[in-house]
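Asks: Based on these hints, arrange chain B on the given structure of chain A.
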Amino acid sequence: MNTDAQLKRFVPSPARKPKSSDMTILRWIRSRCFNSIGNSILTVLVLGLAFYVIDYALNWAVFDAVWHAANRRECMDISPEGACWAGVIDWFNGLMYGRYPHEEQWRVNLGVILAVAWLLPLSCRSIAHRSLVLISWVGLYPFLGAWLFLGGAFGVETGLLHTVFTSLAAGFMVMIYLNWVLALLNRPSLTDLAYPLAARFTARQTHIYSLLIVWLVLAVISGAVLSQVALPPVAIERWGGLFLTLIIASFAITMSIPIGVLLALGRRSKLPVIHWLCLLIIELARAVPLITVLFMAVTLLPIFLPSDMELNKLSQVLCAVCLFSGAYMAENIRGGLQAIPRGQYEAAQTLGLGYWMTMLLIILPQALRLMIPNIMTSFISILKDTTLVSIIGLFDIMLMARNIANDKDWVGLHTEPLAMISILFFVLCYGMSQYSINLEKRLKVNR
Amino acid sequence: MADYSTQQRVMNEASAPPVRQRGWAGLTSFLNRDSTRGNVIQGLTLLFVLCLIVYLGSNAAYNLDRLGMMFGFDFLSSTSGFDISWSLIPYDPSMTYWRVFMVGIVNTLVLSFNVILFGTIIGTIVGILRLSSNPLVAQLARCYVEVVRNVPLLIQIIFWFTAVFSALPPPRRGYMLGDLFFLNNRGFYFPSPQGDISFFWFLGAFVLFAAAAWLLRRKAQQARINQTGNHKALRTGWLVWGVALVLACVIGNGFIEWSVPALDGFNLEGGQYVPVAFGAAFVAMTVYRSAAIAESVRAGMESIDRGQHEAARTIGFSRFQTLRLILIPQAIRAIIPPLANSWLVAVKDSSLAVAIGFPELVSVFMQTSINQTGRAIEIISMVMGFYIFVSLTISYLLNKYNARVQYKVM
Numbered sequence: 001m002n003t004d005a006q007l008k009r010f011v012p013s014p015a016r017k018p019k020s021s022d023m024t025i026l027r028w029i030r031s032r033c034f035n036s037i038g039n040s041i042l043t044v045l046v047l048g049l050a051f052y053v054i055d056y057a058l059n060w061a062v063f064d065a066v067w068h069a070a071n072r073r074e075c076m077d078i079s080p081e082g083a084c085w086a087g088v089i090d091w092f093n094g095l096m097y098g099r100y101p102h103e104e105q106w107r108v109n110l111g112v113i114l115a116v117a118w119l120l121p122l123s124c125r126s127i128a129h130r131s132l133v134l135i136s137w138v139g140l141y142p143f144l145g146a147w148l149f150l151g152g153a154f155g156v157e158t159g160l161l162h163t164v165f166t167s168l169a170a171g172f173m174v175m176i177y178l179n180w181v182l183a184l185l186n187r188p189s190l191t192d193l194a195y196p197l198a199a200r201f202t203a204r205q206t207h208i209y210s211l212l213i214v215w216l217v218l219a220v221i222s223g224a225v226l227s228q229v230a231l232p233p234v235a236i237e238r239w240g241g242l243f244l245t246l247i248i249a250s251f252a253i254t255m256s257i258p259i260g261v262l263l264a265l266g267r268r269s270k271l272p273v274i275h276w277l278c279l280l281i282i283e284l285a286r287a288v289p290l291i292t293v294l295f296m297a298v299t300l301l302p303i304f305l306p307s308d309m310e311l312n313k314l315s316q317v318l319c320a321v322c323l324f325s326g327a328y329m330a331e332n333i334r335g336g337l338q339a340i341p342r343g344q345y346e347a348a349q350t351l352g353l354g355y356w357m358t359m360l361l362i363i364l365p366q367a368l369r370l371m372i373p374n375i376m377t378s379f380i381s382i383l384k385d386t387t388l389v390s391i392i393g394l395f396d397i398m399l400m401a402r403n404i405a406n407d408k409d410w411v412g413l414h415t416e417p418l419a420m421i422s423i424l425f426f427v428l429c430y431g432m433s434q435y436s437i438n439l440e441k442r443l444k445v446n447r
Numbered sequence: 001m002a003d004y005s006t007q008q009r010v011m012n013e014a015s016a017p018p019v020r021q022r023g024w025a026g027l028t029s030f031l032n033r034d035s036t037r038g039n040v041i042q043g044l045t046l047l048f049v050l051c052l053i054v055y056l057g058s059n060a061a062y063n064l065d066r067l068g069m070m071f072g073f074d075f076l077s078s079t080s081g082f083d084i085s086w087s088l089i090p091y092d093p094s095m096t097y098w099r100v101f102m103v104g105i106v107n108t109l110v111l112s113f114n115v116i117l118f119g120t121i122i123g124t125i126v127g128i129l130r131l132s133s134n135p136l137v138a139q140l141a142r143c144y145v146e147v148v149r150n151v152p153l154l155i156q157i158i159f160w161f162t163a164v165f166s167a168l169p170p171p172r173r174g175y176m177l178g179d180l181f182f183l184n185n186r187g188f189y190f191p192s193p194q195g196d197i198s199f200f201w202f203l204g205a206f207v208l209f210a211a212a213a214w215l216l217r218r219k220a221q222q223a224r225i226n227q228t229g230n231h232k233a234l235r236t237g238w239l240v241w242g243v244a245l246v247l248a249c250v251i252g253n254g255f256i257e258w259s260v261p262a263l264d265g266f267n268l269e270g271g272q273y274v275p276v277a278f279g280a281a282f283v284a285m286t287v288y289r290s291a292a293i294a295e296s297v298r299a300g301m302e303s304i305d306r307g308q309h310e311a312a313r314t315i316g317f318s319r320f321q322t323l324r325l326i327l328i329p330q331a332i333r334a335i336i337p338p339l340a341n342s343w344l345v346a347v348k349d350s351s352l353a354v355a356i357g358f359p360e361l362v363s364v365f366m367q368t369s370i371n372q373t374g375r376a377i378e379i380i381s382m383v384m385g386f387y388i389f390v391s392l393t394i395s396y397l398l399n400k401y402n403a404r405v406q407y408k409v410m
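These protein sequence lines map, in sequence, to chains A and B.
Per the working numbering, the very first residue in the first sequence carries number 1; after that it's consecutive.
Per the working numbering, the very first residue in the second sequence carries number 1; after that it's consecutive.
Only chain A is shown next, with the shape it has when bound in the complex:
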């Protein structure tokens, strides 16, 4: 008989040594790539194919390529087999900015930098009213950007409404940055400073009023500063290149969400008129190709609008692309809405929330978060689809790339510009898709 003491003592058995020779790299390769005759042949074939493709591509694009030449003939003389990147480099400016005047291109750069800078405070968690930053980016930045890109004397050539909104946008941006700096310095923000002032006028919702006061003061100041500035006007017809592609894509992407939300809610509505109307719009827009919608916008809008109202081609295209991407987004969002359990609706009802509050506070945030992968896929396809505007004659990056082949110095230079913008689109789209996978993983961890 064992004693209790013996029983309770834990005697670990010595661990077995790992089989060191079990999975060396060579064995792993053998077990995966050469485990049968068929698989071995496949491996060799794939290796050969990969080698051939990479070898050919590298030789063409790097080793035999010409980087400096005056025209295509010179390229051909130096290296007939390789790529002629000289033409693309020569046209690089055109590919980026289209026919935007050379000396004004800093405005485009500034506009893009401002658009990114507007969103930077989102990364700072201590700043107040972070959701306002995103909303203002959608609602206010376009006015500032449009004035910057279009030019003209501030307040004179732009309309009154545009001037007001541009000042508001500039004021808002200044406010965000001042608040950010103050938050970094651990000082009370401007809004807090204006709080006693606002409290003197009204007792309710003083935070909002103090925000409004600061914003208006800053808007008036920045409006006054901007009114001293006169930028040479640039017609919309001269916009082009990657710049135009990004404008159309980002406009369609940002607009597709609110349009999609409205259409999706309408489609799930119990009111038959609204349900059928939204269903009709979604299904019609999704059943036809984008190019027909673009043609419709360009040829039919002038017929259906009053004869004295003239829209430029860009706004027609923007209308079409927004409708189209909104309809696709609506189906994504509908999927998200359907995935929200009934209990969430009932809980919101129990709390006494009305329809819009239920949707805005409870349902939509969850639905949008659930649908992030699909929404990102939609964004990527919108970005890719913007190349279609070249068919109806907008000078986006695609049409600029095709135009290089018509330049008298670079006649017939088709492949290299296309290869270059293919790489550009690949980097953009692949980056977006990897980011969305990353985002999805991160959100899953949080749950």
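Since the hints were derived computationally from the structure, they do not count as laboratory data.
Fair warning: there could be bad hints in the mix.
Listed next, the in silico EDC-like pairs over lysine to aspartate or glutamate satisfying Cα-Cα at most 20 Å (straight line) [what the hints assert, rightly or not]:
id : chain 1 : residue 1 : chain 2 : residue 2
1  : A       : K384      : B       : E146
2  : A       : K408      : A       : D55
3  : A       : K270      : A       : E157
4  : A       : K408      : A       : D90
5  : A       : K441      : B       : E302
6  : A       : K270      : A       : E331
7  : A       : K384      : B       : E295
8  : A       : K408      : A       : D77
9  : A       : K270      : B       : E146
10 : A       : K384      : A       : E331
11 : A       : K313      : A       : E237
12 : A       : K270      : A       : E283
Replies: Showing chain B alone in chain A's frame:
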């Protein structure tokens, strides 16, 4: 007991019809009712839409009047007067706009049918290769899918058109295969049956033999079930079609005259050909579609439980048998809906061939015909109607098929 009755009374009160109030209170309670609010919102929406339609319509009427144009479909019967570079049905400039519409539809359908067929085949193969246990094969398939998916289709179409197909040598120095198939910078030439009648003989014979063989096979199957009670299918499926085809060829051969393309001066004469634009659009779209289909096939295959693989291994199935008998039949259920969507997109994407001048519907009807006649409203509604019809048809058929392959819920 008292508690219970109180509760009962409260419940009774709650379910009693609302007391009809009078005066202002009645009005506000009426306005606050959900049904009233819904009706008001719907009425306002309807009114807004009607006003919009009337407004747009009156604008259109005014603008058309100002430009001296009429609304109507009478232009369809007038002569088009322009040529179309390639059409499968007979066409010449003296024919009507209705014929132009038909040519566009046929060209669009031919292009998208080929894209769907080959895109599905290649996509299925690539999708299965992506799941290969051989890392080299899987990574190569992954590279293919990622590269193809992340470059806009339009760029790919133009790339194939300008960099590959238009760069082919001229007819005299073009590629040829056994004096029957020719590939050059004008297009792809191949032999075609000459004359309509002989070809229909062949087709008729094939259909006849195929039907007869199918009936015979069904009878044999029934006999087998009756005699042995064995429900296993006869393994003669392919044989039946093969025999029918051979018989039809033997019968039809006497009637078919093949027209073979041959060099004549600087060009090829005879046979049938597809233009370079078709080739570029076809290759680019097939590659693009196959990548999308590969992704849905992979997703479908990955949705199957690992236990199914293991069970199949346990009963001694080979890798190919597992795929054919266990995995694909189950994966089909998850693959069909995205596949249907992919096919729809393929038909819609065929409109991009307009960028390289392939005469499909958008190109011949929406571009050229609108320029010639100015009948934008009619033409655009016809083209959109066609696409809507096609997408409704495809989604209807695939929904039917989908309903058949899904699990039956009792």
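Asks: Each of the hints needs a verdict: does it hold here or not?
Replies: Structure-based check of all given hints:
1. For the proposed pair K384 (chain A) and E146 (chain B), the alpha carbon gap of about 14 Å is at most 20 Å, so the pair holds.
2. Using a Cα cut-off of 20 Å, the hinted pair K408 (chain A) and D55 (chain A) is violated, with the two alpha carbons roughly 32 Å apart.
3. Of the pairs offered as hints, the one joining K270 (chain A) and E157 (chain A) is violated, with about 47 Å between alpha carbons and a cut-off of 20 Å exceeded.
4. In summary, the hint linking K408 (chain A) to D90 (chain A) is supported, as the alpha carbons are separated by about 13 Å, within the 20 Å threshold.
5. The straight-line distance between the Cα atoms of K441 (chain A) and E302 (chain B) is roughly 18 Å, inside the 20 Å bound, and the hint therefore holds.
6. Restraint check for K270 (chain A) and E331 (chain A): the C-alpha separation of about 17 Å stays at or below 20 Å, so the hint holds.
7. Using a Cα cut-off of 20 Å, the hinted pair K384 (chain A) and E295 (chain B) holds, with the two alpha carbons roughly 18 Å apart.
8. Taking the CA atoms of K408 (chain A) and D77 (chain A), the gap is about 17 Å. The hint holds against a cut of 20 Å.
9. Taken as a hint, the K270 (chain A) and E146 (chain B) pair is broken in the structure, with Cα atoms around 41 Å apart against an allowance of 20 Å.
10. Under the criterion of a C-alpha separation no larger than 20 Å, the hint pairing K384 (chain A) with E331 (chain A) is consistent with the structure, at around 19 Å.
11. Among the hinted pairs, K313 (chain A) with E237 (chain A) is consistent with the structure: their alpha-carbon atoms are about 8 Å apart, no more than 20 Å.
12. For the hint linking K270 (chain A) to E283 (chain A), the alpha-carbon distance of about 18 Å falls within 20 Å, and the restraint holds.
When the structure is compared with the earlier hints, violations turn up for hints 2, 3, 9 and for no others.
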